[in-house]
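Starting from the known structure of chain B, arrange chains X, A, D, W, S, L and Z on it as the hints suggest.
Number of protein chains: 8
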Amino acid sequence: MNDYKKLLEGVKEGSISIEDALLEIKKKPFEDIGFAKIDHHRSLRQGAGEVIYGAGKTPEQIAEISKRLLERSERILITRLDDKQAKDLSECLEFTYFPGTGIGIVGSLPEPTTQGVIVVATGGTSDIPVAEEAALTAEFYGNRVTRLYDVGVAGLHRTLSHLDELMSASVVIAIAGMEGALASVLGGLCDSPVIAVPTSVGYGASFGGLSALLSMLNSCASGVSVVNIDNGFGAGYLASMINKKGENR
Amino acid sequence: MNDYKKLLEGVKEGSISIEDALLEIKKKPFEDIGFAKIDHHRSLRQGAGEVIYGAGKTPEQIAEISKRLLERSERILITRLDDKQAKDLSECLEFTYFPGTGIGIVGSLPEPTTQGVIVVATGGTSDIPVAEEAALTAEFYGNRVTRLYDVGVAGLHRTLSHLDELMSASVVIAIAGMEGALASVLGGLCDSPVIAVPTSVGYGASFGGLSALLSMLNSCASGVSVVNIDNGFGAGYLASMINKKGENR
Amino acid sequence: MNDYKKLLEGVKEGSISIEDALLEIKKKPFEDIGFAKIDHHRSLRQGAGEVIYGAGKTPEQIAEISKRLLERSERILITRLDDKQAKDLSECLEFTYFPGTGIGIVGSLPEPTTQGVIVVATGGTSDIPVAEEAALTAEFYGNRVTRLYDVGVAGLHRTLSHLDELMSASVVIAIAGMEGALASVLGGLCDSPVIAVPTSVGYGASFGGLSALLSMLNSCASGVSVVNIDNGFGAGYLASMINKKGENR
Amino acid sequence: MNDYKKLLEGVKEGSISIEDALLEIKKKPFEDIGFAKIDHHRSLRQGAGEVIYGAGKTPEQIAEISKRLLERSERILITRLDDKQAKDLSECLEFTYFPGTGIGIVGSLPEPTTQGVIVVATGGTSDIPVAEEAALTAEFYGNRVTRLYDVGVAGLHRTLSHLDELMSASVVIAIAGMEGALASVLGGLCDSPVIAVPTSVGYGASFGGLSALLSMLNSCASGVSVVNIDNGFGAGYLASMINKKGENR
Amino acid sequence: MNDYKKLLEGVKEGSISIEDALLEIKKKPFEDIGFAKIDHHRSLRQGAGEVIYGAGKTPEQIAEISKRLLERSERILITRLDDKQAKDLSECLEFTYFPGTGIGIVGSLPEPTTQGVIVVATGGTSDIPVAEEAALTAEFYGNRVTRLYDVGVAGLHRTLSHLDELMSASVVIAIAGMEGALASVLGGLCDSPVIAVPTSVGYGASFGGLSALLSMLNSCASGVSVVNIDNGFGAGYLASMINKKGENR
Amino acid sequence: MNDYKKLLEGVKEGSISIEDALLEIKKKPFEDIGFAKIDHHRSLRQGAGEVIYGAGKTPEQIAEISKRLLERSERILITRLDDKQAKDLSECLEFTYFPGTGIGIVGSLPEPTTQGVIVVATGGTSDIPVAEEAALTAEFYGNRVTRLYDVGVAGLHRTLSHLDELMSASVVIAIAGMEGALASVLGGLCDSPVIAVPTSVGYGASFGGLSALLSMLNSCASGVSVVNIDNGFGAGYLASMINKKGENR
Amino acid sequence: MNDYKKLLEGVKEGSISIEDALLEIKKKPFEDIGFAKIDHHRSLRQGAGEVIYGAGKTPEQIAEISKRLLERSERILITRLDDKQAKDLSECLEFTYFPGTGIGIVGSLPEPTTQGVIVVATGGTSDIPVAEEAALTAEFYGNRVTRLYDVGVAGLHRTLSHLDELMSASVVIAIAGMEGALASVLGGLCDSPVIAVPTSVGYGASFGGLSALLSMLNSCASGVSVVNIDNGFGAGYLASMINKKGENR
Amino acid sequence: MNDYKKLLEGVKEGSISIEDALLEIKKKPFEDIGFAKIDHHRSLRQGAGEVIYGAGKTPEQIAEISKRLLERSERILITRLDDKQAKDLSECLEFTYFPGTGIGIVGSLPEPTTQGVIVVATGGTSDIPVAEEAALTAEFYGNRVTRLYDVGVAGLHRTLSHLDELMSASVVIAIAGMEGALASVLGGLCDSPVIAVPTSVGYGASFGGLSALLSMLNSCASGVSVVNIDNGFGAGYLASMINKKGENR
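Chains as they are written, first to last, in numbering that gives the first Met the number 0: chain B, 0 to 248; chain X, 0 to 248; chain A, 0 to 248; chain D, 0 to 248; chain W, 0 to 248; chain S, 0 to 248; chain L, 0 to 248; chain Z, 0 to 248.
In isolation and in its complexed conformation, chain B is listed as follows:
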């Protein structure tokens, strides 16, 4: 509000005419009063500014954005890199690449700071790349993460053998393709929020993840919500948001 104070002082002193002041107020209502601050606020709290969506960007663009971000962040998460991008990027930027997950991290993963644990569960082994995107994202934001891979409902004993981890989780991320039943089963077992991630794993009538998506949206278990197909990052980010609600008490 300093700008406005100066403006008002100028008006009072007569150094700024009322008309000019009015124009000034009219011209910049958004960036000056509130929004720039909002933006700043968000990047401080959420670190959203520290993530780069890698798909479709050249290594040079990613490196350039990284450099700018590093001025105010310790670490950067790059998502949806392919192997070729990662290789080329490694020539102009120092970072750790997690092959098969699309994830690159500039700087190191932090020590987990949360008491609450985010469980990342997958129906099959083919869902692991999406799961790692979710898990690494959650770890990037300082969360404690437990991975339960290949615990799909067609072999219910595998699911149930992890009942302890599931029931003590703060948030559960249920990742599955094909029929996507994992979300409902975990939603019924757990009393924590379940974030369901349909994956494009499958063939035929899975229609690129549509089957799992619809299945998860129709989950008859309470406490289940859904993100986009293959959106591991979104699930990890949201899980971190929720997990941190219960921390720092």
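Calculated directly from the structure, the hints in this document are not laboratory data.
In silico BS3-like links for lysine-lysine, alpha-carbon gap of 25 angstroms or less:
#1 Lys5/X - Lys5/L
#2 Lys11/L - Lys11/X
#3 Lys83/S - Lys56/X
#4 Lys11/X - Lys4/L
#5 Lys11/W - Lys4/B
#6 Lys5/B - Lys4/W
#7 Lys83/X - Lys66/X
#8 Lys5/A - Lys11/Z
Computed from a prediction, not measured in an experiment: that's the story for all the values here.
Leaving out everything else, chains X, A, D, W, S, L and Z in the frame of chain B:
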């Protein structure tokens, strides 16, 4: 083949010319040689002739067809009746109506003749009408049937509390709307064929049963196959076919 | 675990043979050891047992279930009642009906016990029935709720005039039909989890809520997840789960 | 109408028989009387004849068509070229290629002749190729163009920081993939026509642009209309049509 | 900006302290500084505030909103009324109802003030209700409108017999169900913007307007854009926006 | 062309000036020169003018159109009437109504004039209304028609028992809902064109006829083409067109 | 029927016993009595046996099938060859390849034997490969063919300039992608059957030909039927069937 | 249950305290008591453990899993291998690859042990890869298999010439793409269960198998159920399950 025998005898005896015999053979290849027999055969073995699809038929039409069928069948299964049809039909035909299931039966249900048990399981209570269509169909064909209703996967303990029935079933019919996960869970638990029936129960993104249908088609459990949305009759009929494979030994 | 203790004591004392004990353990692994407890546990923590999905149930069924539930609950939430059901139900059960929302409540709404506020925002006035389903659900579970109705993005100043409420919310429920843009805009403004509820409001290419559903799933804002079309209850329940994570510290 | 005048004069003079004249009139009602003129007219006014849709054409075909068009046009716009086509084409035709946009221009872009400004706005950086197709098309037809890229609604302050340009625009082209909310937000802020271009940017439930398409069609803001997914040219052409309505007064 | 002017004058005169003025500015940034003006601005220019979307509103709600709007508007357009609503509404509000179009108008339609003509064309007679919604909307905003109904492409001579009106139109609204080819044909004939409105007229594979919608989006004619299925109001409003660009010179 | 002849004669005689003649030619290019004749031509050859699409028209409108058409036609075909319309219409117009088919005929059906026979076959009894629409349409245009109803492929012997009729048909109309396999089977058996009509008969995954439609479009038999779902009229009309190709030799 | 004649002669002569004859008749009812003849019959009349669907076959398989077919056919039509297959095939089989059309022909195209002309029309130049598949197929079966390419409805004068050819055609094949309006326009202009072929040409909301397919199915012109997307062969084959109905009189 | 027996013996003997035993039972309820056995049970009966889904696995992973499985299985079935995987895998594992089917088998196929025959029928030659996946799977589990390839319904005589095999089959697997009519025709001819496998064979409106899938789900023949598109393994496995029901009596 009697007609052909007579024809050949006539040719041999000279009472039928070769040209006439050729014409005869050419004229009726299908109905005379094999197909009428096939048809007869089918109705004997399958009783398919004893079922009337009630939807869109007038009470008079149903009564008329029933009378013709009763000449060679003891009992008749009428499917997809609505209450109005049933009421009107009851004025011209003696039969038992099962309200809320769309099923009417002329004659009485037979005593079960199979050792094997068909388990009819539903995810919720709203799936029961479809389930009864399946169960009554199976019973109509003489099968022993166990009903497990409202054992949906969001309350897994309900499902698991019936593990005995499920694991000893000869065939399982899994009926569910919404996310349709029941088929996968039962497919993973049982080692008998699972016939999945998606239902149109649900709202929003269930899209009239599409969600459950896709989910069931993508089941990652082996031994699961799917029939049309709400097709209880089809499931009961197929279950009977399979169940009887293991009988009469 | 009392049953198992008795069993083991019997084995130790010799009053139960090892074979009988083994059979007992084999026979009831689920209901006896863990799952009944899980179920009990869930209803205690989540109150999920206290909700009745009214659609497709007769007033008698709802009244009957209510009576059973009232034995261990102070209040019951009934969802998806229509006016006819509500009227009939009022003859056999004392409850408060919220016309136009599908909600009936047996007992009274509790005083809010949370510090955190759940904001329920809608794009238009036609989304209010779904919003009330969400808001009353959240209040039923003791949450403090703020309603911001008709703040759709086509009149952005309406949205922005509530920036304070939005930015201080613990959880935001964004409810919109048609193009469903509200979720993205709120997701960009808030730093709390946003639960998006697509509604079937609209016509033509809204395809019964599909447009809003896809839009919300593709939200480019982080922290947004989606529930089924028109699923106000699911959103309210999940919001309560998340809101309570930050309480009782 | 010269041909008809000559014909009539011939009839009057007797050099053409009535029968021949009738045949002549019958034979060419369309191309001679009106339509050829219509066609001519259109290419004069709209320059539509000066655009080549490059996709699926060989460099030779494009070069050949270009040469014919250059006989009556100063400049030619080629759309949907890929890098390979552009490289091959450069060997037989002099033109400027705009890498990453699919656009090639024979001749030079004209100086803008309009007072009104067309704002081309995109939700993200991945939408820029489509945006450049739109912007270059508008410039090709002599329009003044302002580019506002990466002003998506998840960071509303970015959108609002360009309020001046948006509110003074003559036409706005809103280009976005994923949830396509940009069209509604701009439609609500601006009082000029908004042409919405859904893009195929995104993954999963964006279904190749379907999500953004439906979202934009359902826009609750007035003054918004939609063109095909990724159809930058169509948007630029229509925007030019509208912008020029307000010119030359 | 009057409030701000007074505030500044107060500051200049010393009757308001800088601190109080700052607080005032901080407290109501949106409605007072900028957005209310935007809003005000919009209603002046666009009259958007003068339209009531009738669907789903009670007669009382519509009457109430109308009264508020009449304080600053001479006339009000009510869309998507059904006959029942219109009848009930007529008891508490004076207005003219246009049966079969869903349109009610409070006050009288203005004399057309534009030179430019908006042509509203339909493929068949069943599209007329949507067309009247568009035409009356355009007339409500003071546009000159020509109606060309039932000029569908299967009888091309009907279309072509109106070539004069079509070619001299300022804007064309092409309204068609079924195959929606009208938009392409008019787009090819006219050199003015064509706003295509798919309608839900048809059966079978028209899928509620989807066929016409896709057809229109894929129009190979330039200058065509599309609004939602049956959205006559949207087309009429946008056409008015465009038509007025060429006026008042 | 009489008008033009007179015009030319006038020019030749000097009673009309060249300028006036030019103006005349310019003024009415379509209706006078060519298109009116085209239109006239079409109604003569095709009788298309003699059909009234009844859906959505009031009895008064239908009666009015009928009267105009009867001035130049002996008989009129009205399609898609419902029982209510038919009853009301019978009060102002003399015609024969075919209950359950939607067809009304003013005047009497003509004696068949073709040698070639159009076979109208249906998969089931529920397809008969659509079949009668097709058959009556074909008869209306003077074709010889054979009806083969309920010959669906699940009872192949029924299909094959009509091999004679099928193989001697001039055109076959294959009408089926559900899986629509009839078109392929008949396409394989017959060597005449097969016009496939998908019907909306079925439930669940028949999706209103979509299943049969896709099935028929993908027919692996040659000589099969498809019309819109439930479009009996279109099939009958096209069959008549084709059948008449082989007549009058 | 020669086999049967011999059999009957043997029976008459006593050289074959009645039992052996019966067995013979029973053993091979289909291929010997009727179906082989049907099959033979079909290949004689239709030449269907002379077509090879090339897609997915190895050059060796195609060459092998060709050799067998050449024993009883003069010429063979191979469809859906790609350039690679064609090149490899040319090493083991003499044939003419039509690049860009997928068509190869063994032997030479016959002189046209029909009076009637099949018009093959396309909306754009990208539809030509499908059109050539249709045109060459029709020519392969001896039909006179006129090609009218790039006469799409967005430039109606192009369509209308070929009115003569269109109105005198025996059958019209209308081939178009994108919005597929060509079928309706031609259906309205011509009084011969119109076979519509949607093509996968287009992008975005053309959804691989779905837009054109739906558009053509919903054609409001009578006499239009539709084949599968890109199915040039099917259209050419059916057109030949219909064209020949009017020949040899 | 050996672990539990020991535990109980320890309790009886006094070497384990009741508390410790309780803890032990509580700690591992699923894997130890029941589910591991269930799992073990399943792998014994079903051999499900002996199948490896090859898609997306590295040769190393497949080899590793194979080695573990070979400890308790004689043979292993690997599905959905591509040629590259198969080649690489052959360097680290001894197995037989069936090119074009995606199937690899470690060990040798067993001699068939069933009386009942599984008929695997395909509509065309392009369906053979899916058919071989089904047939080899059935043989892998010891079933007698008859292959009937290319017996599609467009050439019904081909289908019918195998009536004997079809009518004596224990289970029929009907595999077809495009219009998928084979399932209905076989379902009508056979009185054994028919497992329908839609394939992705086709183009255009086959939409990757959707057409065949819907067609099969809507089959009007009784006894037909459906598995996922291209899911040969699932069909073969289920057929084996059903076939074995009738064995060992």
